[in-house]
Every structure is written in structure tokens, then in C-alpha cells.
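Asks: Two chains, each in its own frame: build the complex with the hints.
If you read the protein sequences in the order shown, they are chains Z and S.
Residue numbering for the first sequence follows this note's numbering, beginning at 117 and increasing consecutively.
Residue numbering for the second sequence follows this note's numbering, beginning at 226 and increasing consecutively.
Keep in mind that a hint or two might mislead.
In silico EDC-like pairs for lysine to aspartate or glutamate, Cα to Cα no more than 16 Å straight-line [what the hints assert, rightly or not]:
no. : chain 1 : residue 1 : chain 2 : residue 2
1   : S       : K330      : S       : E233
2   : Z       : K133      : Z       : E218
3   : S       : K330      : Z       : E160
4   : S       : K277      : Z       : E218
5   : S       : K285      : S       : E301
These are calculated hints, taken from the structure and not from any lab test.
Each chain, letter by letter, is given below.
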Amino acid sequence: GAGVSQSPSNKVTEKGKDVELRCDPISGHTALYWYRQSLGQGLEFLIYFQGNSAPDKSGLPSDRFSAERTGGSVSTLTIQRTQQEDSAVYLCASSLGGHANEKLFFGSGTQLSVL
Amino acid sequence: GNSVTQMEGPVTLSEEAFLTINCTYTATGYPSLFWYVQYPGEGLQLLLKATKADDKGSNKGFEATYRKETTSFHLEKGSVQVSDSAVYFCALMRNSGNTPLVFGKGTRLSVIA
Numbered sequence: 117g118a119g120v121s122q123s124p125s126n127k128v129t130e131k132g133k134d135v136e137l138r139c140d141p142i143s144g145h146t147a148l149y150w151y152r153q154s155l156g157q158g159l160e161f162l163i164y165f166q167g168n169s170a171p172d173k174s175g176l177p178s179d180r181f182s183a184e185r186t187g188g189s190v191s192t193l194t195i196q197r198t199q200q201e202d203s204a205v206y207l208c209a210s211s212l213g214g215h216a217n218e219k220l221f222f223g224s225g226t227q228l229s230v231l
Numbered sequence: 226g227n228s229v230t231q232m233e234g235p236v237t238l239s240e241e242a243f244l245t246i247n248c249t250y251t252a253t254g255y256p257s258l259f260w261y262v263q264y265p266g267e268g269l270q271l272l273l274k275a276t277k278a279d280d281k282g283s284n285k286g287f288e289a290t291y292r293k294e295t296t297s298f299h300l301e302k303g304s305v306q307v308s309d310s311a312v313y314f315c316a317l318m319r320n321s322g323n324t325p326l327v328f329g330k331g332t333r334l335s336v337i338a
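Pulled out of the complex, with its shape left as it was, chain S reads as follows (with noise of 0.2 Å):
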């Protein structure tokens, strides 16, 4: 079946620090990759995408390549802010059919000033 593993957390790191969550998964066919956020007391919402091998997302800094050869979509950010500070998901979604969008199990990010 369809799974994402996401490294455990939760993630403490200082300001400016280097960011990298890893990001694997087990599809069948070549799913659409995908980074969800959860600040505190707030809904997830979407923070990249990426729909084919190779492919890079991209936004507020953040980065994840869809790596079919390592089946990977590992997160990074080259210097993290204390807004940063959440939890972040993996997931993906199969691009045949209607099939729902399958979540990892979330790592909590903290960024101490």
C-alpha cells in the first residue's frame, strides 16, 4: 500500500540553524509529493508540492525534491526562523484514480532564538 515515513521528532534547533526533515515513501506508480504545516494553533495547510521525479517545491524558503530513485522529498531550509517553529507532514497522493492524500506522522519543529 501507500505510506510515508518522516523522521521522528520532535526537532530543536537555534536560529539560523539548517534545516533537514527526511521524507521517504512506498507507492504504487508515481504518487504527487507533498509538504503540509501546522503552526501552533492554527489548521494545516499547504506548504509545497511536487508532482513528477525531479521536480523541486518550493515556498517561504523551504525546499523538497522529489527523488524517485531514493523515493525521498526530504524538507530543507537553509536558516530557520523562530516562526518556523511547527509541525510539519509529509504526504502523498497517488495520481491515478480519486485515492485520498496519506499523511506521515508529523515532526514537530521547535526554533529557540
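With the rest of the complex left out, here is chain Z (with noise of 0.2 Å):
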């Protein structure tokens, strides 16, 4: 696509229950980022695909956060038994090949509330 597409734009939970985000890269990145902006806290990284390299989790926040990566392309980040302060602007970014100085395509966002 001519963009990294999220979806769904807004998403309204009750507190405990699962969410799906959903990102579609630029076609043809083989590197694919998940971002969370929360108010005060600015851009906290999540977790990064590289190609068909083990994922970076490093920055997963607990064990109830998971993403996965189907065939190189289409990501999704699954939040389970979610809690109120995981409400958040949910990011996902991709880049060509995921080399130092590349820049990175962001998409517009999933705004999560938990009620």
C-alpha cells in the first residue's frame, strides 16, 4: 500500500478483556516497529521484526503483551486481560530493511481506551 495502514483506528474496551491492533506495512519493508505514545511518557518501543530474525521484545511492558509477524507482512499486537493504564496511542512503523540510518514510515495510530 502506498502507506503503513492501522486498524482499527479507535478501539473501546472494558478492563479484562483482549485486544487485537492490526498493522500493514509498506509492502516490501522487512522491518516492522510497535510504538506506544502515552500522554507524558512520549514514544516507548514495544517490539521489532526484522525479516525472519527472532523478534526484539525487549520492550514487551508484561507477559500479557504478544505480537506476532505472518508471512513478513501484516503484524498484530494482542493485549490480553487488559488493564486501564494500558490505554495508550498504539504506533506501528516499518522501514525497508531495518538499517541504522533509515527512516521510518509511521502509521496513524490505534487509540486504545480501557473503561
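Replies: Structure (C-alpha cells):
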């Protein structure tokens, strides 16, 4: 596609429910990133996929968070048993090869609200 | 570990004022450095970058110089406009291996006419 696409754009859920957030990266981009943007916390790295390598999960805040990337393209971020502190904007980004000087292209994000 | 510290906002300036947003970093090795910008209602986008010491990144009148001796990458613009109102993020990525981009907390800039 023309850009990184995320869905849904907004998600309201009740505490304790599971949610799935989807990211469609730019076609041909091998690197995919998930970040969380909370008020006053800036951009927090969650997980990074690069080609067929094992993902870098070092930013996932708890075992309730997981992500997968099928076929090297679409990625799904899953949050189980959501808590109110999970409320944030979840941003996905992709880049061509994951190299250090490459530009990241960001999606518009999913605004998650946990009631 | 790798981290980025940038000045806290919000920053409010009058149009045509000089802008500096400070950014310092901690990293192993020599990272690439970036400034990303998030305009109201829009997604994050790359503003400028520098990949080695003494490089200067520039775009849209903004500049930042990679200073290894002070581990800094301060963002500057000589004359801001109302359209520059946005949140600015400093970021780094290690040059060795596949690593994620590490961001600072962001600085909100408001420019008033």
C-alpha cells in the first residue's frame, strides 16, 4: 500500500478483555516496529521484527503483551486481560531494511481506551 | 543502555523567534541520530537525521549537528512559524546490528502569531 495502515483507528474496551491491533506495513519493508505513545511518556518501544530473525521483544511491558508477524508482512499486537494503564496510542512503523540510517514510516496509530 | 533525553516542554514562542530544543544521548558505539515531528492530527514523520559525528542534518529551515564530544543533537531554527507547532522527538539508532529506534519523550512546541 501507499503507507503504513493500522486498524482499528480507535478501540474502546472493558478492563479484562483481550484486544488485537493490526498493522499493514509498506509493501516490501522488512522491518516492522510497534511503539506505545502515552501522555507524558513519549514513545515507548515495544517490539521489533526484522526479516526472518527472532523479534526483539525487549520492550514488551508484561506477558499480557504479544505480537506476531505473519508471512513477513502484516503484524498483530495482542493485549490480554487489558488494564486501564494500557490506554494509549499504539503506533506501528516500518522501514525498508531495518538499517541504522533508514527512515521509519509511521501509521496513524490505534487509540486504545480501557474503561 | 541506549537512551535519549530531551528538554521538557511545552515550549511557547512568538512567530519569528529562535528555537532550540536540546537533546542529549547515551549509547554504546556511534549511533545515527534523528529528529521526528508529529504535527497535530498527523502521524510521526522524519524531520532530519545525521549518521556520524559532525554531520549536520537540515530540513524545512531546521538544523541539528551531531556532536560526539557533548553527546548532543540539539534542534535549531532561526525563525519559527505558526505552522511549526508540533511535537518534536529526538531519537537514536545504533549503527551495529538490527536494533530499534529509541525515542526521547518529545517536546511540544506552540508558536503564536
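Asks: Could you run down the list of hints and mark each one as holding or not?
Replies: These are the hints, each one checked on the structure:
no. : hint            : in the structure
1   : S:K330 - S:E233 : 8 Å, holds
2   : Z:K133 - Z:E218 : 37 Å, violated
3   : S:K330 - Z:E160 : 8 Å, holds
4   : S:K277 - Z:E218 : 14 Å, holds
5   : S:K285 - S:E301 : 11 Å, holds
The structure shown violates just one earlier hint, number 2.
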